[in-house]
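Respectively, the protein sequence lines represent chains X and H. Following the working numbering from start to finish, the first sequence increments by one per residue and tops out at 404. Following the working numbering from start to finish, the second sequence increments by one per residue and tops out at 675.
Hints in this document: simulated from the structure, not taken from any laboratory. As the structure is a prediction and not an experimental result, all values here were calculated from the model. Each residue gets a CB set at the ideal place from its N, CA and C atoms; glycine is no exception. Any given hint might turn out to be false.
[Unchecked claim] If we take Cβ atoms under 7 Å as the criterion, some of the chain X residues that face chain H in the derived model are:
| hint | residue |
| --- | --- |
| 1 | Ala109 |
| 2 | Ile125 |
| 3 | Ile131 |
| 4 | Ala141 |
[Unchecked claim] Every beta carbon over 12 Å from chain H, so not counted as near; a handful from chain X, in silico:
| hint | residue |
| --- | --- |
| 5 | Val47 |
| 6 | Arg178 |
| 7 | Leu197 |
| 8 | Val250 |
| 9 | Asn294 |
| 10 | Asp308 |
| 11 | Phe374 |
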Amino acid sequence: MNSSEVTSYPYYRKGLPATILITTLFVAFASFFSIGRGGFAGTRSTVLTGIALAFSAVIIFLIFYTGRVDRWRKIFFSAYAVAFAISFVWWTAGDRGHMWLLDKETLYAQAPMCHIVVPMLILPILFKQEIIFPVVFADAAFMILLVIVVGLVYGRAFCSWGCFFGGQDQLFAALPGRKRWRPKPLKPFVRYFSYGLLAFIILHSFSTLSPTYCFWLCPFKTTSEFIEVNSFIRVIQVFIFVILWILLAVFLPFLSKKRIQCSLFCPMGAFLSCTSKINLFGLRIDKERCKKCNRCIEACPTFSLTGDALESGQPAISCSKCGACIESCPEGAMGFTALGVPFAAKGLPGETPADRVGFWRKLGRDIWDPAVVFIFGIFIVGNVMASSYFVDSMSRLLRYFLGI
Amino acid sequence: MMTFSILTTCVLVPLGFMSRDPFSNWLKSVGVHMSPNLADGYPIAEFSGFERSLRDLPPGADASAFDRALALRSFSVKKVAFRRFSGMGIAPRVNLSFEFDGRLPDPQNSPRGFSMTTIHVYIKAPARQPDPVRSERAAKVDFGSPGWNYQVLVDGFHEQARIFDAKGNLVASGLGLYIDYQKKPGAGAEAASGRTRLTAALPMDYLGDPAQGDWQFYVLVGISDSRHPSMMLHSAADTRPSVYCAALAAALPAAPEEKPRLRALALKKPL
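Just chain H, same shape as in the assembly (with noise of 0.2 Å):
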């Protein structure tokens, strides 16, 4: 027993110490992860393998810089709600979680750092009923079932997301926009790339609760452009307001003069 109490003392408890990072890696492998963190927030759903195409590029225009504006990895829907009786007085809400490969171009010196990338999400959620005529209009893309309540915007010229409804009104703003970039560990020019995330926090006070009822997302991810209501960049050849030079999150359309076909994310599951 003495023996033993010497081996646990002069080498288990030291190695126990010096355990912290295998056993972080062992708590996230069986799927611990971290909440209340209101950046990042209880995890609802992920997507990945988004659809990309870029067309009809402004002359002159960067296309590696467009590419890096719409290199979206993952979208993710999480929540966060502080409750009551910790007393902390955070809005719970609706977290959009966007993940992209390397940094945000910024060639316009935007306040929060991403100049190029614009993001529209559009949102069905199933306390309220769409408006399938309007909704369709609002927006200049084509849905694969109609209808959506609310169009939320995130460019880095607004210090929050904005929320708008299916008639184009602004109805709510969000309550925060994080971004983080990642440099990937290791040495090297490629190591160097890393990872940008970029999380809209939107009040489910006024959304609703995401983790409740059948929910769908339509994400579309653009070329920023400030001279148009939307705030992406149309096609430079075809002029007509419906066609957009560059879109992520969409099938590519059978013709040029199509409108992108975006496909649901749809949260079926309640928890």
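Just chain X, same shape as in the assembly (with noise of 0.2 Å):
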């Protein structure tokens, strides 16, 4: 085979019995998950719900029955962004009537949750029990929960597949058919600033008992909710977020194809990061197979593969498991494991009498795969996350440009 030549992905691609079975599993699970948050309650719901779920078991199915990993993730993470932006921002300034976040719901502690706060969290729940933001109580601590358990179990890999807010930037760095800027190597500076900034809302925020980066840092505030502007102060605030946004989420990834505002600048991000080390998946590249191409390089968003990474045999911390990698790698060298299980190096067709097996035991070698359980899980978890908001999106569009 030419190893200049990628090829049709083989090496995440399923059979087509395995790909049903996942798909089937996927829905109902996602099924179960919906029924709790009142999914199927009247006809309406149960159509846009049952859509939202059609919808995730195409790009499931197309995962494993393509191997292409990257490329149908970014189709859904990036279709969840815009059905988050487009719920929101129709409920803040449609149904509540202002984009805005007036004293009177703060006062009221009804500002809607957002996991980016969590970090900000931490230090004034140990040491002054007090939560700092002012949001229902319930809603702080599921986000506290979901943070605990998704970062211990995929770590980064939210930021790829679960953060309503991280596919708006990588829906920017998908758009272009080419870079139009290619990024040097970073400096050290440049690569740790989101683990500098960070530490620096969390002291900050701390030692003044407000949340730093909502008040201050946030570019996703330009599609969620501003603060009210009554002084001068919001202003330059308003005027922060604005710039943030248009620079890091969209202006920058549209240029080089990197997600510059999740793998730069979010401090959420670089909080996932800090359990890289002990997640339960991973990603790992064989050094045997490795060619130093350097594809996965160029094809990493995160800028979480160099020269050391590739020697070393996994990526910085800063991974977010999007599988970009691995489909880039024509020698089939990445793949995704399960606390140190390596993927299961699938070879080249023809390379092994693999695909001369039977049935079952194919089935079970398709199944039996730190991939698939990595992928299902993750997916999971975004689906679970963007299933209310593409059924409120669809709701509100329809009722909006059709009347029904």
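Hints are included, so try docking the two chains, each in its own frame, into the full complex.
Here it is as structure tokens:
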């Protein structure tokens, strides 16, 4: 095989029976969660939830049937971000009547909860027993639990599969056909900036007992809600939000096809990176197969792969397990692992007699793969996070444009 | 390891997602609370066990409504202060929260939804010296120790709480008056009674920080009477201005003609 050709991704491609089985299991799990969230209450809700489930089912089917993890994940993730933005902006500007977070909403602890707040909550909870964000208590508890569970099991994979903001810079990074700007190898200050920012906002939030990042540095206020602009300070805050969003989530990702905001700025991503050494799932590089062609380095959207990473056999802790490197590798040298269990090195077609095993054995081999468990699990997480926004945005669009 | 990862993915992670309420309850049980919920605030002290006296009701008065108007369960002092770096323009405040059993009666359809209950809170703030003589005259109650600096009036006919000094001058207005009724979970008529929380937000810039120094609060809850300057209903049988017909947070006087005696709710320990 010519290593300069990228084949049809045989490494994560599963047989049709295995793909159907995985998809069926996914639909069962996702339906269970949808029932718990009232997704099938009423005809309209049932139909729209069914459509959202079908979309997710098609995505996971295509992931395993074609073996192209990153390609289909990007579509789901970007659609999720768009659905979230539509749903949230419509709810604030339409239902609530204003996109501003009014002092009144803060007074009554009605601010919507966001997972990026969680790192700032830790020290005040530990030392002051306070949740320093004006949100319903149960919502804060849910987000803290989500970050703990997902962080320990999947780590930074949440940034590529579950974050409702991450899909924005993913979308703008994926839109252009080619790169217009190739960033030079990152200096340490740039590469580790998000960690420094994380440390700063954690300490500053603790000292001031207010969530610093939310009030001053969050670019995604631009597509969710602003603080009510009723003073000069608020004008400055809004200006910062908009500039950061345009620069980090739109412009630079569009030019570089890299996820600039998520990889170099987001403190939540840095926070989740801290669990990368203890995550259940990870990504490994088969050093024997790797031919140092550096396609993975080019393809990685989070600057997690370098020459050193290829030498060591694992990416930097900033790896968000998106699968872009796996797709780009012509040698099948990269793959997801579970607690160090090496990924099933499938080999190239014809290299081994594995393709000539019986039906049940092939099915078992296809399913018993850390990559299947990882993608299945993290996609469930993403779907749980996304489904209500898909349903709500579809409902609103149908009502607005078609009157149904 | 594969088995463990499958179990984690298919069992533990979903269990985690479904454990929101137990986790939330556990956080509350270890003392985690909301702040800065500006309608609630950072708790400093909470008091309960108030004494009630009902006497000489006007003829034809609905005794059960009077009872519900005085059903104070607890009184708490909380503070809220957004730091400057937040950019929030919300003034720091001292929140006085009153929790009543059931809904407060509102026979006169007051703007704030409670027309029978009137609350007086007398505050002795450490930063200022009270005038014992003047403050004793201004109030119609007996204090265990003399002197207070501020009288806070909360009633259903004014948008905000009002703050008077010992001379009876209106010196400041509250920053917010919040009324929340929470229905008790469960079914049936008993469960429908619920709780009403009434929170008066007072300007911390004016009063001072209740977490610093020794503060004393005297809470008097009575029946609203807009004909009287104190907004509180007086005895029908005894027309002397010092005798209230109903009062709460007062020790029962030995004789009917005596003034209600208020028990000091003291914040002794600075935080």
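Exercise for the section: For the hint on Ala141/X, just tell me whether its beta-carbon gets within less than 7 Å of chain H. Expected result: This hint holds: Ala141/X lies near chain H, its Cβ roughly 4 Å from the closest one there, short of 7 Å.
Handout entry: Evaluation of the interface hint that places Ile125/X against chain H, nearest CB under 7 Å
Key = holds (6 Å)
Problem - Arg178/X and chain H, when compared Cβ to Cβ, separated by more than 12 Å - result: holds (37 Å)
Exercise for the section: Examine each Cβ of chain H, and state whether all of them lie more than 12 Å from the Cβ of Val250/X. Expected result: Correct as stated: the minimum Cβ-Cβ distance to chain H is 24 Å, above 12 Å.
Handout entry: Given hint Ala109/X near chain H, where the shortest CB pair must fall under 7 Å
Key = Holds. Min distance 4 Å.
Handout entry: Interface exclusion of Asn294/X relative to chain H, criterion Cβ beyond 12 Å
Key = holds (30 Å)
Exercise for the section: May I ask you to check that Phe374/X keeps its beta-carbon over 12 Å from the closest beta-carbon of chain H? Expected result: At about 8 Å from chain H, Phe374/X fails to clear the 12 Å cut-off, so the statement is violated.
Handout entry: Status of the Ile131/X interface restraint (C-beta, 7 Å, chain H)
Key = Given a least distance of 5 Å, the restraint on Ile131/X holds.
Exercise for the section: Would you check whether the claim that Asp308/X is not at the interface survives, using Cβ distances to chain H and the 12 Å cut-off? Expected result: holds (27 Å)
Problem - Cβ separation check - Leu197/X to all of chain H, threshold 12 Å - result: Its Cβ never comes within 12 Å of chain H, the nearest being 15 Å, so this holds.
Exercise for the section: Over 12 Å to the closest beta carbon of chain H is the bar; see if Val47/X clears it. Expected result: At roughly 24 Å from the nearest Cβ of chain H, Val47/X sits farther out than 12 Å, so the non-interface label holds.
Figure legend: structure checked against the earlier numbered hints; the only hint not met is number 11.
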